[in-house]
Amino acid sequence: MSNDWLAQRRVEAAAERILDAAEELFSHRDAASVGMNDIAAAAGCSRATLYRYFENRDVLYTAYVHRETLRLFAEIGEQLAGIADPHRRVTEGALAALHRVRETPSLASWFASSARPIGGEMGERSEVIRALTEAFLASMGDQTDAELRARWLVRVLISLLQFPGRDDDDERLMLERFVVPQVAGVAQAAQ
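For what it's worth, UniProt numbering labels the leading residue of the sequence shown as 1, then goes sequentially.
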């Protein structure tokens, strides 16, 4: 048994360094084109070391997406702190997510039209994205179909990231008219 009480911290630090290197690559290239060799070189480690922390590219991509999702949700949560109206919370939260992803090169690269749509694939299968979106919707007091509504909202956001509206006003209008009443207003609509 090892008495190295810092071992876990070193593992976490190494994994973070690898994810940071991947992020730098995602900032300059389509995420789908970034491979494990590229990430190992950018992190300054061997492929063997990289695979010790992430068994394959999918695991590394998933870890990166989950890390960034947690950051994104924390930032948006702070932005929405003073908004009580569920419809406005969903609208502003969705628009904030779209803007944050588009304005961050390392996130925007996941939705590059010139590459395989891995952003959509990751968004659809990520349990972290689904759970956080579900918790966000359920936090407004309506538990009805929260998981289904969360999946729908994620799909709509992925669609807008891959096929943007004409401008911010166009996306706001589409969200307010066609999405928000479905994902935020289930309890109100039933009354």
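Check the hints yourself; a few may be wrong.
Label-pair ranges, simulated between beta-carbon atoms [what the hints assert, rightly or not]: (1) 77 - 37: 34 to 42 Å; (2) 167 - 139: 23 to 31 Å; (3) 99 - 28: 45 to 53 Å; (4) 168 - 11: 36 to 44 Å; (5) 49 - 162: 28 to 36 Å.
These are calculated hints, taken from the structure and not from any lab test. Glycine included, C-beta positions come from ideal geometry on N, C-alpha and C.
TODO: Given the range 23 to 31 Å, decide if the beta-carbon distance of residue 167 to residue 139 lies inside it.
DONE: holds, 30 Å
Worksheet item: At the C-beta level, are residue 99 and residue 28 separated by a distance inside 45 to 53 Å?
Response: Check failed, 21 Å falls outside 45 to 53 Å.
- Using the Cβ atoms, figure out if residue 168 sits within 36 to 44 Å of residue 11. Cβ of residue 168 to Cβ of residue 11: about 42 Å, so the range 36 to 44 Å holds.
Quick check on a hinted range of 28 to 36 Å for residue 49 and residue 162, using CB atoms only. holds, 34 Å
A range of 34 to 42 Å was offered for this pair. Does it hold for the Cβ distance of residue 77 and residue 37? holds, 37 Å
Figure legend: structure checked against the earlier numbered hints; the only hint not met is number 3.
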